[in-house]
Amino acid sequence: MDWLNEFLPTSTERLNVWIGVICTFAIYSILYRENPFYRFFEHMYIGLAAGYALGPYLVDVLYRYWWEPIRIEGAWGLVFVVPFGMYLYFIYSERYGWISRIVIGALIGAYSGLAFQMFSSRYLPQLHGALTKPLWFPPNATGEIFLSNIFNNWIFLIILISVMVYFTFSFEHRGAVKRTAILGRWFLMIGLGAMFGNTVMARMALLIGRVYYLLDSWLMIRVGGG
Amino acid sequence: MSYQHAEDNWFAAILIAFIALAVLVNIWRARRGKALYIRRIPGLDAIDEAIGRSTELGRPVTMIPGLTGFGVEAVQALTIFKYITKQIARFATPMRLLTANATVYAVAQEAIADAYNEAERPDLYDADSVRFLSSEQFAFASGVAGLIQRERIAANFMFGIFYAESLIFAETGNIVGAVQIAGTVSFTQVPFFVAACDYTIIGDEFYATSAYISREPVLLGSLVGQDLSKISFASMIVGGSMISTFIGTDHPIVQLLGKPQGWQSFVEWLSQVLGR
Amino acid sequence: MLFDTTQLVVALLWIAGAFALAIALIPLLGTLPPRGRFALISFVTFIAGLFFAAEFFLPVGEDNKNILTDPFQKMQGSLQVITALSLGLGTYGLVRLHLRNAVQRRPQWGYSLVLLIAFVVMAFFSIWNTMAEKGLFGIERTQLLENAFTLLFDYTLIQLDATMFSLIAFYIFSAAYRAFRIRSIEASILMFTAMLVMIGIVPLGKLISDSIGLPAVQTAEMRTNPFMLENILYNLRLPQIAGWIQETLNAPVQRAIEFGVGIGALAMAIRLWLSLERGIN
Amino acid sequence: MEARSIWERMMRIDRRILYVILAVNIIAALMARVAIEPDVPPPVKRFYDTVEALQPGDMVMVSSTWSAGTLAENQPQFEAVLKHLMRKRVRFTIISFAPPARDISHRLARRIAEENGYVEGKDWAHFGYTPDIIIAIKGMSEDIAQTIRQDVRRTPIAELEVMRGIKSLKDYKLVVDVTPSDTLGNWISYRPPDLKILYCPTSVMAAEAYTFLDSGQILGMITGAKGAYEYERLLGIVGLGTRFINAIQFSHVLIIFFILLGNFGMLMQRRASAS
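Protein chains in written order, with the numbering used here: chain A, 323 to 548; chain B, 4 to 279; chain C, 55 to 335; chain D, 12 to 286.
Any given hint might turn out to be false.
Cut-off 25 Å, straight-line C-alpha distance, at most; resulting in silico cross-link-like pairs (BS3-like, lysine-lysine) [unchecked claim]: (1) D:K99 x D:K181; (2) D:K94 x D:K133; (3) D:K56 x D:K94; (4) D:K181 x D:K207; (5) D:K207 x C:K119; (6) D:K184 x C:K188; (7) D:K133 x D:K99; (8) D:K94 x D:K184; (9) D:K184 x D:K207; (10) C:K188 x D:K178; (11) D:K178 x D:K56; (12) D:K184 x D:K99; (13) D:K133 x D:K178; (14) D:K207 x D:K99; (15) D:K133 x D:K56; (16) D:K99 x D:K56; (17) C:K128 x D:K178; (18) D:K181 x C:K128; (19) C:K119 x D:K181; (20) C:K119 x D:K133; (21) C:K128 x C:K188; (22) D:K178 x D:K207; (23) C:K119 x D:K184; (24) D:K133 x D:K184.
Treat the hints as calculated values from the structure; they're not laboratory data.
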């Protein structure tokens, strides 16, 4: 019997857990079919998420990077940032909608300027990694090189080049190029298969996390596991 | 392994300059009216075949840009939908364009109206055929699934950016036995489209499809410039592998191609070679 | 830190002045003809891009800095503020949409009302919580705040967020069952690889391989001559197959995709920087 | 429609039945007391060795951008990493690039820190939420105090004892990115050259990262809750990874079974209608 009165929502702690469980089953009700119970909690969720973000945006960011430097360090130059940044909020107005594009343009420009460092740091090391794979035993073999490494290097290069050929468009794919491109699309399918296998594992884990919460926190059943 | 500044290896700046030049010169050529060649993507043949089969059944066709917000991908998805609408206008096959974004919804209405005018069938344009269902992911998905099943659509075209809700579209389209063609740059959703659809246009092919249809100079020129860059990458990889195999992976040319601090060793090696 | 009123008043004056200037500028900007507007937007975009491009491309001194590195450090705060304002745009759009739905009694307006009430209540407690956390303006963490925020954040928002994401597991399961039919070579390659990866990366793959009796350890001798039966059997273990698929078959595919996406992103960045992209502005 | 043949039913099981089967399978697997030792893959082994090679007093940045939506995958990783860092008596700071991630990671870190005698401000600190990840990483690569200004409890960076002798990311040994979104690309692109990276993605993003493992841009990777289980076995601790692993692998078996069932039904259906 003590399990029961420990289970029922008597203390605030238990009441909170019950509220969490009601939210969980409300969302899962869509699995049966779309219904008002689901729609109520879905809209509440979107409202809560939007409302929560204001704490970090307004207080954590605006306070730390705008109000405090002005108020305490007297960085007067900063005062113009928020007023002119607010031009963003003209985006819905008919007459002055274009003014919001000035600030959006500044953001787009900034990210375009940052793209050059990203291109160098993200893609060139991958280029270097692709061309330092010896296809036979190199003359000055520094580390231990086995036949399996050479075999894997060949496969790596063939797949890389054939998938890149698949993604070319400015010339007709005929003969050998066409066959390489088809081979490239099949290798692409292997990469997609690996992605799908991992995606399934990710989504299952999230559901398992919810079932675990329901068993462990709500029904208070100690769950074993590996 | 990363670059704080271009000076870490000036080769990065040279490569970026080459790509920028390839893209800008080709955009300039395209703008001056030069006919740049883009090959016809197999996906386009699949679209035409799907259109053919849908006209036989006479049931409506759905076009879904997914949750794509207004941007480059949305503009190009609407280009493809305009092309499809012009084809089906000849057979008066009804169509439904369902969006989850208010801006895309507004632009889509204009695009579909233009498509019917260009097909000389303005009478067929019905404003209700372009709909904004909901901006929430799963509310939009269930709305689309409901319509697909109610109207037992003949063909389903999905182009743009997709997230987990793509499963619901693909699966529902299967239930009613619709012909399905999808095209997206979201690689995590491509596996589901490959499994569920008759043909899937993958990654960069999406941009090539809309470039082929719209012949829009900036897009054509950019794609040709990007092709040149891909070919240069492939040749560097093959060339570099040859050097790594026959001479060694620490050869200055190999170091130059992408390794930070590879510039100094290359310059010294070059001056030695030229000096001799 | 004592409440230094003079510094506060001066700060407020500066801010009021900045707002006044920004507002006064609007009608002035309004007089710009469409061509002038496009020119102004492209100019602002170009200058913003030039600053970051130059900071990357300009040569650096011994201290690894060039003339733009320090100005960038000073500008950071304002860039974080503008980014926060641009992220707040989404919230503004959402609230505006549902406010109109509720006011104009559009269909399903009841749900918009639910959304707005949840938004206001959560915003109030979230702002209060962050202020209390930082002890701003002497705001304390009261019992009411603790209970309300714990209920709204830990036991409502967190639960709904986690559950919403877990829905997809159900959809993936039914979609995989219904959609994964051997229809084409491509779908079969994809499906077969997915199943091998799924079973190879979990401990069950190891258990199955052990129970079949495949050798569990790769000795040095097996590495030197790979065509030994032991080595072949070792490489037939499910974890080894899944590992080989991911590291030797999948890695080059991802790298080819990366090169395609990377070159495409650089091309698009250049087009956006020079305002060549027709569809956007 | 004539009576639906056995094959037809095998191909068209109603999805609501499938959902019930999946839920029952997960509950049963969670309750199972079965322990199967994993085959720890190389990326997880290298992840463990990289952290193991740290010396007491070294400085590590933990980038924690996950929130409730991906809790089941990212929390076990986050907990295992913090426990390993504390076991090595390493100093660390946490930063979040998504609003809810700030509160979740701060609360979790406080709980684990108390269990291991770590004092906030002296041994570790939380830098709170910063909206623009690129600007933050670029800024921190030069000067952290100027970029972050104060920790989540409003203590100026310069006054934090944990930051003694630390000016920028160049003084950090390692960054561990625990994330459900593409924050890794920014860490790879904008961090100082010799700052090593370890990656804790949700499994959805794991396949894409193998190109970075191959090029050495990231040194190790833990793939979702499964990877957390392997890491927990190396650390000899029991966490959520250990609790979830059975349910994960048996749900994989279930999916594979139903895919094969559907195809078997289709083939037999095709053969039946052909004859």
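Hints numbered earlier in the text: which of these fail when held up against the supplied structure? Hints 6, 11, 15, 20 not satisfied by this model.
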